[in-house]
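Based on the provided sequences and hints, a complete structural model is requested.
Protein chains in written order, with the numbering used here: chain A, 1 to 344; chain B, 1001 to 1278; chain C, 2001 to 2295.
Treat the hints as calculated values from the structure; they're not laboratory data. Treat the numbers as computed from the prediction; the structure is a model and nothing was measured. Misleading hints may appear alongside valid ones.
Straight-line alpha carbon distances no greater than 25 Å define the calculated DSS-like cross-link-like pairs of lysine-lysine that follow [stated by the list, open to error]:
hint, chain 1, residue 1, chain 2, residue 2
1, C, K2291, C, K2279
2, C, K2058, B, K1121
3, B, K1093, C, K2279
4, C, K2029, C, K2077
5, C, K2291, B, K1094
6, B, K1094, C, K2029
7, B, K1094, C, K2058
8, B, K1093, C, K2058
These are the residues of each chain, in order.
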Amino acid sequence: MSIRVENITKTFGGFTALHGLSLDFPHGQLTALLGPSGCGKTTLLRIIAGLEQADAGTILLEGEDATDKHVRERQVGFVFQHYALFRHMSVFENVAFGLRVKPRSKRLGEAEIRKKVMALLDMVQLARLADRFPAQLSGGQRQRVALARALAVEPQVLLLDEPFGALDAKVRKELRRWLRQLHDELHITSIFVTHDQEEALELADRIVVMNEGKIEQIGTPQEVYDHPATPFVYSFLGTSNILRGDMADGKFRPGGNAGSLAYIRPHELMVTRQGGPDAIAATVRRVFEFGALSRIELAGENQSYEVEMPQAERASLALQAGDAVFLQPRRLQVFAADGPDYVI
Amino acid sequence: MGIAKGRNVLPGFGLSLGFTLAYLSLIVLLPLSAVFLKSATLSGAAFWDTITAPRAMASYRLTFMASFGAALVNVVFGSLLAWALVRYSFPGKKIVDAMVDLPFALPTAVAGIALTAIYAKNGWLGAWLEPMGLKVAFTPLGVLVALIFIGLPFVVRTVQPVLEDLDAEYEEAAASLGADRLTTLRLVVLPTLLPALLTGFTLAFARALGEYGSVIFIAGNLPLVSEITPLIIITKLEQYDYAGATAIASVMLIVSFALLLAINALQAWAGRRAAGMG
Amino acid sequence: MAGGSSRLAKAGQTRFEAREATRDSALVKGIVLTLSLVFFAVFLLLPLVVVFAEALRKGWDTYLAALVEPDALSAIKLTLTAALIAVPLNVVFGVSAAWAIAKFEFRGKALLVTLIDLPFSVSPVIAGLCYVLVFGAQGWFGSWLAANDIKIIFAVPGIVLATVFVTFPFVARELIPLMEAQGTEEEEAATVLGASGWQTFWRVTIPNIKWGLMYGIILTNARAMGEFGAVSVVSGHIRGFTNTMPLHVEILYNEYQFAAAFAVASLLALLALVTLALKTFVEWQAERAHKEIEA
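This is the structure we're talking about:
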């Protein structure tokens, strides 16, 4: 099912959480709503689910106006941030809940419910824990029960609120991979909310970057990462070095009136022993050697820089703390300090 | 009451709030307002004469003093008991802990006759105390004893959870900074307990002011000496002096409301204090 | 919180006794224990013991006779009736109030919570008095009630009303903080899964609050059966008709039938002990359920 939101506005007291957002979620895609906390992403998700009413605007599900449709009738699956598993019910009963509360005329027989729930539990690899209670499960297991429960009612849309937020790093990575596989099998239109850019980049077909109740950029992970539309998107998606300078003849020159800002990722900043034109002088402060990449902290005239390079390159440069070096951007993205953005 | 905002997916707001307000009004608010409306039928002078009559004044003094004294005794011994229950292990601790709530569970009339049997002249303790010149039953001292019984759980049950939550690390920090045990208690533990102690005191005091059942048996109910204010109301009712009864009742109600506000403020303070600690 | 220190605690030690900085010396412990336990024994334990001792002072025959006497039986019956009406009423009210207060945001909520607590701070005598003012012979509805031959004051309905008043806040008070702590996520989850309001309430909310509800019911029941002051004002003390057990105790006591008075009182004391036992059990269950969730 495709989802379309038009001009959605939502305020809480004096605080505007969403400023007239319009957005399409194509059928079968996995979309990430990415942004810092308080940017309105969870509110948008809850409005799509029907858990929250927008002050203005329209929600279209498969082209049909669903704005006033009750959450019960929207056929959405919702996975809550803290899972909201029913603590007094076993894993089995949690998953069966949505089937048991259907009106009698539409309700499946006990045997069919059993078959369906066990199939779902098989799918999330928890069949052997069917009789456990939520309190007896690990975080990752609870997450999968929550997912199975949401899928039991055969939703047309799957909405996940910070699905990995409450898990530790290792489990998070495993579950991420698993969720992607599941989506590739089921192809349900899915939206998940996250504040973790790595999660969004790895998992989503499309990313919607949000900030302060507005959309900053929509695109594939590649587009969003390689061509950030705004300084906000650039800095939110990863570490950045920022240079002040001016544009002249289509080229960025550091210093000057500083009418422009150049954004450079750590791996896009080259370290050389000899300076060139527009090279920036800096001193190596610390060198971190973990794994294949070396991370180097440098101090410039008025600011500090961060550079990433393969370990081998660091070795051939023989960089050490205290060395005086020069920095040269390989690639940079320039935004006017105030005004329209342009990219080199 | 305004409208519900935000979490509007869940049903039943109108029904549950409507029923709550209707039931509250019918059972509590309307009947209570009758007290004030009825007392307003008295002229100002008559009202003033009723509430300042010598017997009434003597009853206020007794009720107030005995309630205050009982609450004070309970703050001291209730805190000790709470301290013992939280900090020490001793045989029978679970039973003592459960029994602290006895005054909540035991009907007041039962407590009243039991206390009288203990402190009467030929009673279990009275037989020892009276020869020593200490008359408890049928004196203001008896009122005090009954109110101590009634108020104890209020103090223990407000102090106990705070002590329970008071992490040992605070005292360890104080000790590591060189404070001796008494200084630590005075400067670290006591200030943390203060809101709970005050709340417990006020709860016990408020409960004692209105107490009737456990007191009337042991008090002796001598006018001007050992007659509590609630008994004055009953006496006036039995004489069909409804306006007089309501005049005294409205004085008591106003004091109760003031105490209720004080308790709310104290609990808000205690809540803020608790939130400030890890 | 106690995680680290409890590992150090030896059997029979509290976590405070296991740590150097919070351990009191044997002398201090001895003094505090002696003072507090003597106080406990004299002021709490002794009255309880006295009730049973006095009740049995004249032997089992007198004891049993006092309990099966018709006035005593009718008092027991009336006490049970009043509790049987007051408890369910206040349960429905408590659940309804807690639902509105814990699950929704609205203006005036703090005031409503304070008003619900009001009956706790009103003297039971005044609770009785206000019903006399409304329903008594000279009260607001007095002449209308008399004309229609309905008796409330000095009759069973008055006793029930007074009981409802004094037990009014118990259930609500237990449930409001509990339901506030539980939040609305589980109810929202049930709704997304297609459950109706009542289905959500019965299958999700009620099982989650069952121990809190039990606790509230136990306290309500204890107070309902034991209330004296409020009931005394509205009862009129008509033997065999409007006497509850506590009132019957008073009458017997004032007639110097001490053994009989204590016999009936001992039933109420037993009720108190059962209440305390149930309460401890429910607290234990609720704590266990809570620990499972924390785990």
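These are the hints, each one checked on the structure:
1. C:K2291 with C:K2279: holds (18 Å)
2. C:K2058 with B:K1121: holds (20 Å)
3. B:K1093 with C:K2279: It holds: about 16 Å lies between the C-alpha atoms, which stays within 25 Å.
4. C:K2029 with C:K2077: violated (48 Å)
5. C:K2291 with B:K1094: Since the Cα atoms of C:K2291 and B:K1094 sit roughly 19 Å apart, the hinted pair holds (cutoff 25 Å).
6. B:K1094 with C:K2029: holds (18 Å)
7. B:K1094 with C:K2058: violated (33 Å)
8. B:K1093 with C:K2058: With Cα atoms ~33 Å apart, B:K1093 and C:K2058 exceed 25 Å; violated.
Violated hints, listed in ascending order, are 4, 7, 8; each of the other numbered hints is respected by the structure.
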